[in-house]
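Undergrad: Using the sequences and the hints, build the whole thing.
Single-letter residue listing:
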Amino acid sequence: MKKEKAARVWDIFQNFFRFGCFTFGGGWSIVAQIQKEYVEKKKWITAEELLDFTSVGRSLPGLMIGNASVLFGYQAAGLAGALAALFGVIVPPFLIMIGVTVIYGLVKDNPYVARAMMGVRAAVAPIIISALVKLFKAGMKDAFCYVVAIAAMALSLFTDISNILIVVMGAAAGLIWGEVRERRAVS
Amino acid sequence: MLYLELFLSFLLIGFTSFGGMSMIPLINDQMLSHGWMTAQEVADIVAIAEMTPGPLGLNCATFAGSRTAGALGALSATLGVVTPSITVCLLAAVFITRFKENRLMEHALFGIRPVCIGMIAAIVVTQCQNNYAGTLLFGVSWQAILIGVVALVLLLKFKWNVPKTILVSAALGLVLGG
Numbered sequence: 291m292k293k294e295k296a297a298r299v300w301d302i303f304q305n306f307f308r309f310g311c312f313t314f315g316g317g318w319s320i321v322a323q324i325q326k327e328y329v330e331k332k333k334w335i336t337a338e339e340l341l342d343f344t345s346v347g348r349s350l351p352g353l354m355i356g357n358a359s360v361l362f363g364y365q366a367a368g369l370a371g372a373l374a375a376l377f378g379v380i381v382p383p384f385l386i387m388i389g390v391t392v393i394y395g396l397v398k399d400n401p402y403v404a405r406a407m408m409g410v411r412a413a414v415a416p417i418i419i420s421a422l423v424k425l426f427k428a429g430m431k432d433a434f435c436y437v438v439a440i441a442a443m444a445l446s447l448f449t450d451i452s453n454i455l456i457v458v459m460g461a462a463a464g465l466i467w468g469e470v471r472e473r474r475a476v477s
Numbered sequence: 018m019l020y021l022e023l024f025l026s027f028l029l030i031g032f033t034s035f036g037g038m039s040m041i042p043l044i045n046d047q048m049l050s051h052g053w054m055t056a057q058e059v060a061d062i063v064a065i066a067e068m069t070p071g072p073l074g075l076n077c078a079t080f081a082g083s084r085t086a087g088a089l090g091a092l093s094a095t096l097g098v099v100t101p102s103i104t105v106c107l108l109a110a111v112f113i114t115r116f117k118e119n120r121l122m123e124h125a126l127f128g129i130r131p132v133c134i135g136m137i138a139a140i141v142v143t144q145c146q147n148n149y150a151g152t153l154l155f156g157v158s159w160q161a162i163l164i165g166v167v168a169l170v171l172l173l174k175f176k177w178n179v180p181k182t183i184l185v186s187a188a189l190g191l192v193l194g195g
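Going line by line, the protein sequences match chains U and W. If you count by my numbering, then the first sequence holds residues 291 to 477, one letter each, in order. If you count by my numbering, then the second sequence holds residues 18 to 195, one letter each, in order.
Hints may contain errors.
[To be verified] Each computed DSSO-like pair below joins lysine-lysine, with the alpha-carbon atoms no more than 30 Å apart: (1) W/K176 <-> U/K326; (2) U/K293 <-> U/K326; (3) U/K427 <-> W/K174; (4) U/K427 <-> W/K176; (5) W/K174 <-> U/K424; (6) U/K293 <-> U/K332; (7) W/K176 <-> U/K424.
I should point out that these hints are in silico values taken from the structure, not numbers from a laboratory.
TA: Shown next as structure tokens:
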């Protein structure tokens, strides 16, 4: 029994290490890979369970991929499984990024690189805008959302209040608004 | 101590962000207020993190930690940013059925999502101020604006993915200069 669990933990670490090497473009690619490996091939979890992991993982603070990995690993092989999945998925990007940072430091001031980086930086605002368009569809449900979004934007741009505090204020506003809506629905 | 500061800073970022782009405003804030990075470097991390495998928040933590305090700094920042997964999320894993439809969490998120949208919109404004500034007419760089418009059209109209768009933008930057 113990041996079987150790084998599972090792299996999780290996596979999540592999997932970690190829998770481009946000968290959805890794969800697809878990689906293929552990829902379809090994049948350790069901498709519904995986869906729960991603939706719970997304609604908790932190990295969505990290959270979904912990939820999956815990379900599949307990605490050791959770840690194996988390560290498996973060070690490859960690190592790659350390290499990238060293290269960045070396080539940043090269005139050709500087010109290419000017182009890349010019693309950053459009990239953020395109992400914003998608978030807008999912997150803006009613007038309350517009008021909160505009207030958050104004506070972030024109005051010294830290963004961390603004998130906390948003959570508080959401809790209060949720109470108000429920009381209205009752009466 | 720099390592501890990096750890705590990314711990705060981790606990107040809810995936993907929502991390960028928080990282921007922390990097600039500690003087660990310039706004231009923050733009660079976003682009680099989008081009390399791994979640955006993790890549930003590694890059920021590594730039400010080497490999150990990268480790400190990364451990900070994954702490929510090891703590809150692990607890949720134990009680998953109760977390699945938690009313209070849903209410809090109803407020957090638009806040993230507002903060990300604010980041767009500051990024524009930084990355389209130049010496030419009206203090703007026409090359950067041209590239920005091309990138926006590729992403929104032609549904290009981000790495491909970044490559084209880099090539345009190389050709147009700046």
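Undergrad: Next step is simple, just say for each hint if it's right about the structure.
TA: Each hint, compared with the structure:
1. W/K176 <-> U/K326: Within the cut-off at roughly 26 Å; holds.
2. U/K293 <-> U/K326: 25 Å, holds
3. U/K427 <-> W/K174: It holds: about 17 Å lies between the C-alpha atoms, which stays within 30 Å.
4. U/K427 <-> W/K176: This hinted pair holds, its Cα atoms lying about 16 Å apart.
5. W/K174 <-> U/K424: OK: W/K174 and U/K424 at ~13 Å, within 30 Å.
6. U/K293 <-> U/K332: Holds - the C-alpha atoms of U/K332 and U/K293 are around 18 Å apart, at most 30 Å.
7. W/K176 <-> U/K424: Measuring from Cα to Cα gives roughly 12 Å; hence the hint holds.
Comparing the model with each earlier hint shows no violations; every hint is respected.
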